[in-house]
Amino acid sequence: MAHYQRAGDVPAKRHTQHRDGDGRLYYEELMGEEGFSSDSSLLYHRHVPSAVIGARLWQLPDQSTEPNQPLLPRHLKLHELFDGEEWKSCDAVRDRRLVLANADVRIGYVVAGAASPLYRNATGDECVYVEAGAGVVETIFGDLTVGAGDYVIIPRATTHRWVPSGDVPLRLYAIEANSHIAPPKRYLSRYGQFLEHSPYCERDLRTPDAPHVVEGENVEVYIKHRGDGPGGLAGTVHVLPHHPFDVVGWDGCLYPYAFNVNDFEPITGRVHQPPPVHQVFEGNNFVICNFVPRKVDYHPLAVPVPYYHSNVDSDEVMFYVGGDYEARKGSGINIGSVSLHPGGHSHGPQPAAIEASLGAERFDELAVMVDTFRPLGLGEAGRLCDDGVYAWTWAKNR
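Using the working numbering, the first residue of the sequence shown is number 23, and each one after it goes up by one.
Source of the hints: derived by calculation from the structure; they are not laboratory data. No false leads were slipped in.
The list that follows gives simulated cross-link-like pairs (lysine-lysine, DSSO-like), each with its CA atoms no further than 27 Å apart:
hint	residue 1	residue 2
1	99	110
2	418	99
3	351	99
4	207	317
5	351	317
6	418	351
Let's have the full structure, built from the sequences with the hints guiding it.
And the structure:
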């Protein structure tokens, strides 16, 4: 997204000498997408950013998946994954558990109470939705203070860590791409500015505070990267001679940012609008949508809940995070639930919810949806928290 930012101490012209007060040269690093052909930023380091003095393997959390066979819609109860006080010692990186995945995207969940190690995802961008709690995402660009309802977009290879605040667990729904994640192209001009019909704009985005130098030696960074493990992934821990947060300034159009779901302006109409009006981000072969509190259809004969639809080209994953989701009443779906509606299965509202919705003027619901264009497999966490009965609820509740 070409939205230029500048922070800290940068030289007047790129690729020229930049020195500190004692005459020592800063080290310029280009962080960019698609080689040298897309968005990028230039960062100025006190130390050589490529220096490594040690390395060891990192055994990633279980990344294996099993096919959704027999083909069924499923209800996954994410809040059952972290029991009791377990979350207090969990961190957002090493204890993230795989719920669903395919070759394009991985969806994970974690409840964290401890600060994570420094982390870098070298396989793709991450979009992490903060379900509950608060904290700080410390990054090489500067810090982002985040809380409930925030999407946090972290570009590929950004060194960062998650630090929870207070005694409340930080609940994170992590969408990891094998590509980049950005606002939908239809929301942007050919130069990258948000257009007037977009449901959010640049004013709604929060960028990091100014970078600050952190001193330290023999610092570990956990790296998720391409390999021959499950999901085509592997993990490595690099030991660096100096702390990677040694950036004195940066500028460009590639950086982490946060966007709060409450700043999404819903698009409504006289009759029910299709899911693309709820889209917020996109990656390669998947989209991210959100369903927010909103006025609903105002045609006198409108049916406010969705019509039945066959996802011929996609699997639909809905994470229910707030309010009272009208279309799923009577199904067992509740806050913290994930529904998986796979391609090949016609799905829609629970039958009793249709009549109950007639005449409604407003829905108080909050959900994050991921639609994928390749089938999703069930990860370790998804297999564990499947309720096993959701597929039969349309027949039971008719």
